[in-house]
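So the sequences go chain by chain: A and B. Quick note: the first sequence uses the numbering used here, first residue 1, plus one each step. Quick note: the second sequence uses the numbering used here, first residue 1, plus one each step.
Treat the hints loosely; a few may be bogus.
Unchecked claim - Using 30 Å as the maximum straight-line C-alpha spacing, the simulated DSSO-like pairs for lysine-lysine come out as follows:
no., chain 1, residue 1, chain 2, residue 2
1, B, K117, B, K176
2, B, K117, B, K237
3, B, K332, B, K117
4, B, K71, B, K176
5, B, K237, A, K171
6, B, K176, A, K171
7, B, K416, A, K171
8, B, K31, B, K332
9, B, K239, B, K416
10, B, K428, B, K446
11, B, K332, A, K4
12, B, K176, B, K287
Everything labelled a hint here was simulated from the structure, so no lab data went into it. Owing to the predicted nature of the structure, the values given are computational and were not obtained by experimental measurement.
These are the residues of each chain, in order.
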Amino acid sequence: MSLKARHRDLLPALGFLAPNFLGFIVFTVGPVLFSLAVSFTNWNLQRTVPFRWIGLEGFGEMFRSQDFWLYFLNTAYFMLGIPLAIVGALGLALLLSRPLRGVVVYRTMFYLPTFTSGVALMILWKALYNPDFGPINAVISHLTGLTPPQWLLSTCNLVGLDVERVGLTMKQWGLGARDAIIIMGIWIAIGGNNMLLYLAALSNVPLELYEAAEIDGASRWQAFCHVTWPQLAPTTFFIVVMSFIGGLQGGFEQARVMTQGGPAGTTTTLAYYIYTKAFEEFQIGYASSVAWVLFVMIFAITLVNWRFGAKQLNY
Amino acid sequence: MKHLFAIALVVMGLLSVVAWAIRPKPVAEGKVMLAWVSDDNPARREQIAVFNRLHPDLHLDLDPTNGGMEKVIVQSIGGVGPDLFDCYSGFDLSAYVRSGIAWDVTDALAKSGIDVKREAWSAAWPNVLYEGRTYGFPTNACTNALWINKDLFDQCGVPYPKGPWTWEEFIPIAQKLTVRDASGRMRHFGLLCDWWNWPEFILQWGGRLYSEDGTRCVVDSPEAGAAIQFMQDLIYKYKVMPSPVEEAAMSSQGGWGSGSITFFGGGKGAMATGGRWWLCTLRTYEKLRLGAVESPHEKRRVFRGYGRATLVNRASPRREEALEFIKYMAGKDYNDLISHQADSLAPVKKYSYTPEYLHDPAYPGEDYNEVWREVLELSEPDPISPFINGNAAGRIFTKQMDLVKNGQKSGAEAMKDAARLINEEIQKTLQIDPELRARYEAIVAKGKP
């Protein structure tokens with residue numbers, strides 16, 4: 001195409017792009033930059049609090065706040081489910097990439113949680129976790145004869161995080177609300193978009209590599225370790241990066257629908273903390289500070305992932 | 001391709017014009033449309049229907065989807081708030097006023113001869129009166145008494161209790177009424193009591209939530225600790241009330257007409273602490289033989305007064321019309337309807353002293369209506385401190401109550417921590433709000449010798 005023809009097409013192209021671009025500026029970039037400015041203020045929806053620039057004061061208050069660190073730990077704890085979710089998604093993708101009869105039906109069934117309403121799923125899981133008549137505890141009691149966990153009602157967790165201070169305590173060791181939410185998250189994630197990404201990536205692994213491995217006498221496990229896994233590395237890398245971003249931003253829906261952040265604040269994540277500070281306590285400036293610190297964390301972790309993760313990619 | 005895109009753009013534009021032209025017309029042509037953010041239930045719809053009938057030039061619609069203080073405030077500041085909205089506590093009112101959302105209707109109501117203090121139950125005042133000004137009218141007035149399931153009493157051979165009585169007298173009766181089946185599963189509890197009633201226990205034990213001037217949280221008193229400990233004991237020591245696990249076993253998803261009310265209606269509790277408004281649901285349990293008595297008390301024979309009010313949005317372009325609804329709530333039609341619906345007690349006190357209130361011909365079995373008005377006379381509204389955001393205080397109390405309810409902390413420990421955290425939060429509020437700080441300093445200086 002000649003340069004003149006390209007210039008002639010530029011205007012209509014920009015015209016078609018403009019509505020979307022304007023929308024992005026007005027509804028995304030604008031509010032994001034606005035919230036950055038707000039994070040340096042004491043903006044409070046109560047009119048008796050005079051608006052003023054406070055610089056980094058809000059950030060200082062946040063780092064001194066015990067709540068911030070407790071909810072940061074909750075967020076980090078929820079992210080412990082990420083490796084399991086990734087391994088599960090890969091395992092399922094490996095199964096569903098086999099030439100099984102009715103495989104399309106299986107794929108659809110496993111993908112169901114992704115296009116089902118999140119709220120509906122959470123209400124369903126709330127019933128499943130019911131300590132008295134929930135089917136999960138019924139199975140645990142039947143199989144083990146032990147007292148089953150209280151799930152969403154319990155402040156316990158598998159590493160013994162304390163409820164009221166940053167630290168560990170044996171008193172809190174066990175299965176509780178945080179673990180219940182992690183298990184639900186793994187269940188949703190296993191059949192979700194990660195599985196689809198792995199399925200697509202598996203279909204792109206050249207068959208010649210498997211044939212060569214077979215000729216060399218490689219077992220199935222060796223073929224997986226030396227052919228499949230390296231070939232999937234770019235997809236795994238993408239999934240890890242996206243899972244970390246999602247994990248740091250997550251927990252709002254679960255807290256809102258299932259636990260209201262409880263019991264005793266154990267399922268309050270940073271995302272839910274931002275909501276309560278902004279819209280229940282009206283501290284918009286402070287909430288924006290937390291939101292921007294969350295953004296910096298996500299950005300830093302993504303950079304680290306790129307810096308060290310990308311080095312491992314051979315393909 | 002270029003032409004195809006251009007045609008697509010024109011077609012979309014035309015379709016938008018068509019969609020605009022055929023958009024649904026307002027249901028009531030020529031009427032002023034008003035939106036009321038409130039909870040959705042059959043009683044509310046009937047209250048609206050009567051208002052619309054009495055005001056043919058207005059059309060009030062219920063908006064149940066935008067409830068909650070945060071939504072009302074944020075939407076109103078954004079210029080898309082409702083015309084009327086509900087207010088559930090003194091803290092909510094202070095937040096609405098301080099956000100500039102609530103409209104001061106003091107003069108407008110005075111012109112119509114309406115005086116909240118003269119007419120409405122005192123338990124409902126904090127929801128509409130703020131620093132001497134009036135911002136709405138109570139929608140109803142509530143207090144708790146003890147519902148009793150007469151069939152369960154008869155089955156256990158326990159005579160129906162009569163108030164006034166104490167918690168000490170209550171315990172052995174509740175224990176007799178707590179029955180398990182042969183496998184150890186609970187058949188019914190002696191008492192069902194929602195944990196959000198905890199301030200009533202503190203009041204009865206002689207404690208306070210805040211100092212009289214509101215400058216300090218004082219739940220670290222021995223009285224408050226003992227009160228919360230008693231609530232825990234009802235579960236774990238006396239075993240007459242469900243634990244969180246047992247509660248979850250019975251629970252549904254929340255919202256109007258659920259939770260303890262449905263457990264009680266389903267025969268899972270012989271007694272239950274609740275308001276007259278429970279009848280809105282309990283009336284649907286046709287076989288339930290109900291009674292109501294005054295709740296037990298401890299040192300002080302005092303009960304928790306609460307309720308709802310409706311306020312007008314200061315930013316509404318239809319606020320003059322919305323004011324008609326406030327006046328309607330002070331009138332006979334509305335108040336008689338509330339009494340009849342049993343949506344608690346009518347906000348205007350005198351309408352609870354009518355023969356129709358005592359014995360509604362439509363519900364001849366309800367012979368206990370006298371209890372509610374007697375108890376409401378003894379009720380006190382939930383105390384608040386102007387120096388702390390009520391939601392922040394609520395978050396702290398909820399966390400501590402969760403730990404007590406789960407048996408992880410004693411009442412005294414939890415209340416000690418709650419007081420410390422709330423007092424810290426008060427100091428933080430004073431740092432950011434100079435108006436409150438000035439008021440606080442003035443109070444503290446006045447209190448010094």
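_Can you confirm whether the C-alpha distance between K71 (chain B) and K176 (chain B) stays at or below 30 Å?_
violated (46 Å)
_Would the hint linking K332 (chain B) and K117 (chain B) be met if the CA-CA limit is 30 Å?_
holds (17 Å)
_Hint check: K237 (chain B) vs K171 (chain A), CA-CA at most 30 Å. Holds or violated?_
holds (21 Å)
*Mind checking the alpha carbons of K176 (chain B) and K171 (chain A) for me, to see if they're no more than 30 Å apart?*
violated (35 Å)
*Under the criterion that the straight-line Cα-Cα distance not exceed 30 Å, is the pair K31 (chain B), K332 (chain B) satisfied?*
holds (24 Å)
_Can you confirm whether the C-alpha distance between K117 (chain B) and K176 (chain B) stays at or below 30 Å?_
violated (44 Å)
*Straight-line alpha-carbon gap K117 (chain B) to K237 (chain B), limit 30 Å*: violated (43 Å)
*Assess, step by step, whether the Cα of K428 (chain B) is no farther than 30 Å from the Cα of K446 (chain B), and give holds or violated.*
holds (22 Å)
*Does the structure keep K176 (chain B) and K287 (chain B) at a Cα separation of 30 Å or less?*
holds (23 Å)
_Next pair to validate is K239 (chain B) with K416 (chain B); report whether the Cα-Cα distance is within 30 Å._
This hinted pair holds, its Cα atoms lying about 25 Å apart.
*Below or equal to 30 Å on CA atoms is what counts here, so check K332 (chain B) against K4 (chain A).*
Outside the cut-off at roughly 80 Å; violated.
*Quickly compare the C-alpha distance for K416 (chain B) and K171 (chain A) to 30 Å and report which way the hint goes.*
holds (20 Å)
Hints 1, 2, 4, 6, 11 from the earlier list are contradicted by this structure; the remaining hints agree with it.
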